[in-house]
Amino acid sequence: MKKKMRILAPVLALTLALSACGGGSGSGTDNKDAQNPGTTDGGTKTEAKDTITALLPPVSGNFQDRFAQLEKDFTAMYPNLTLKIEPASWEDMTQKLDTQVNAGSPPDIAFIPSGGLSKYVEQGMLMDITDTATKEMIEDFDAAPLEYMKMGSSLYGFPGYMEVHAIGGNKQFLEEAGIDYKKVQKEGWTYEEFREQIKKGVVKEGDKTSRYGFVFATAGVASRDYLTILIKNAGMPHAFDKDLKYAYTSKNFLEVLKAIRQMIDDGSMPKELSSVDAGKRWNMFLTGQTMITGKGLATFENNANQNNEKIKANDGSAVSGSIPVEYIVLPVPTFAGQKQSSSVAVDGYVTFRGKNEPTPEHKANVVKAAYFLAAGEVAATTNNDLFAAHITKSGREAAKDMKIDRNPDNVAAVETLLTQATPARTDIPTDMGAKGIKLEDEVIIPKLQALIAGEITPEQMYDAVKEGAVKAFGEDGIVKD
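Letter by letter, the sequence shown follows residues -22 to -1, 1 to 459 of mature numbering (1 follows the signal peptide of the UniProt record, and there is no 0).
Take these hints with a grain of salt, some might be off.
Here are the simulated DSSO-like pairs of lysine-lysine, each with C-alpha atoms no more than 27 angstroms apart in a straight line [what the hints assert, rightly or not]:
no. : residue 1 : residue 2
1   : Lys220    : Lys416
2   : Lys381    : Lys50
3   : Lys220    : Lys249
4   : Lys128    : Lys317
5   : Lys128    : Lys333
6   : Lys333    : Lys62
7   : Lys113    : Lys178
8   : Lys182    : Lys236
9   : Lys186    : Lys249
10  : Lys381    : Lys333
11  : Lys317    : Lys220
12  : Lys223    : Lys416
13  : Lys113    : Lys149
14  : Lys449    : Lys317
15  : Lys229    : Lys317
16  : Lys149    : Lys128
17  : Lys449    : Lys220
18  : Lys50     : Lys378
19  : Lys220    : Lys97
20  : Lys229    : Lys258
21  : Lys177    : Lys50
22  : Lys128    : Lys416
23  : Lys97     : Lys128
Quick list of simulated restraints, FRET-style, between CB atoms [what the hints assert, rightly or not]:
no. : residue 1 : residue 2 : range
24  : Pro338    : Gln438    : 49 to 59 angstroms
25  : Asp243    : Met380    : 42 to 52 angstroms
26  : Gly257    : Gln73     : 35 to 45 angstroms
27  : Thr53     : Gly156    : 53 to 63 angstroms
I should point out that these hints are in silico values taken from the structure, not numbers from a laboratory.
For clarity, every value in this text was computed on a predicted model and none was experimentally measured.
Glycine included, C-beta positions come from ideal geometry on N, C-alpha and C.
Hey, can you work out the whole structure from these sequences and the hints?
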């Protein structure tokens, strides 16, 4: 977030994983107080003490700074409970979590993309809270993001936000290029239109390009974002179609691969795109080296505004070489005549279990902690930091007294994109979902990097993906159009 919306990739974990055995995610049977609810001298039953562990990345810029206060606030709300939060970076979140999962003692709660649920369901390490979450908790959430936290009929936590993955432009550069960004925000654009427009943003000094039309992060944790966001707007909102056939063997998939190469070959994107990670692409945007950046998140408006203030302060805290930037939210272009299908990141507080069955009491306590983090004032503060839409009634209510200064055009653009959001799919079997993730990790991402680097052609990548899909799902399990 940020987002990372779906975004995560990889480390201290073994020690923490082992220490997590003591009070976190298992049955709670290591905690004597949890096992044996005590009584007062007068014979009145007291609530057993319990500890809930959480592994959390920097969901927003200020999120991890509040961990100590969050722990205090939770115990103030539930005096018998302790919330123990372990921080992780976006880069090492996945590795830390997987190390603990593989050791059989994951945290009780981890903040991860909803797209990762199937992987952990397959391992039997997620805790279904369908029968534990209260009616009041469930009804507090908007229905659409809550669906993303389900596999089949099982609920595995609460969503933290539903964030649109868009792209973003420098207002000054867009206007200089003659791009009617307000019209684009309302009506969108086709790939053909987009391709021509980003050419206008390129500035060259001799043979050297000083500004590109479009730069998208494709390295590191952002490696899977680029293709995923594009193909949703090419008639493939999910890896499987409504008939549960693998979708990325469609001819439209090849068209997107061709577009990826075209934008580089046009000179609108850098030839070294495969080495551009999330940090570098944002640096390029703030320093005026690109007209449009991706992926784009609503919080980038806030980030740009903060850097603008640092430039004004002239105290050396701004990004080196940066210029004042007014960030404009833009939709991803559509491909092959398909409709807009906004990529959304629904990341959230996912509930895990250890090797042993958790006690009903511990399970209920984990749900209390997950809801505490995902709703009310905690959610309102976090989502305001992100400039993200509020997805709970309690969050909206808490946010009423919180001031936030946003470009109204961007607010309207995000609201439009949310109405076009790709709906959740709870009907995809977990084994199929896990196979799809495996194919993505082992074939699609490596081949995409090779394609971007110019080492293979779009056709070669398409053939490799199709071959892998046939092996995974069979000839009858893939889309043929």
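| task | Taking the numbered hints from earlier one at a time, note which ones the structure violates and give those numbers from smallest to largest. | result | Those not satisfied are hints 3, 7, 10, 13, 14, 16, 20, 21, 26.
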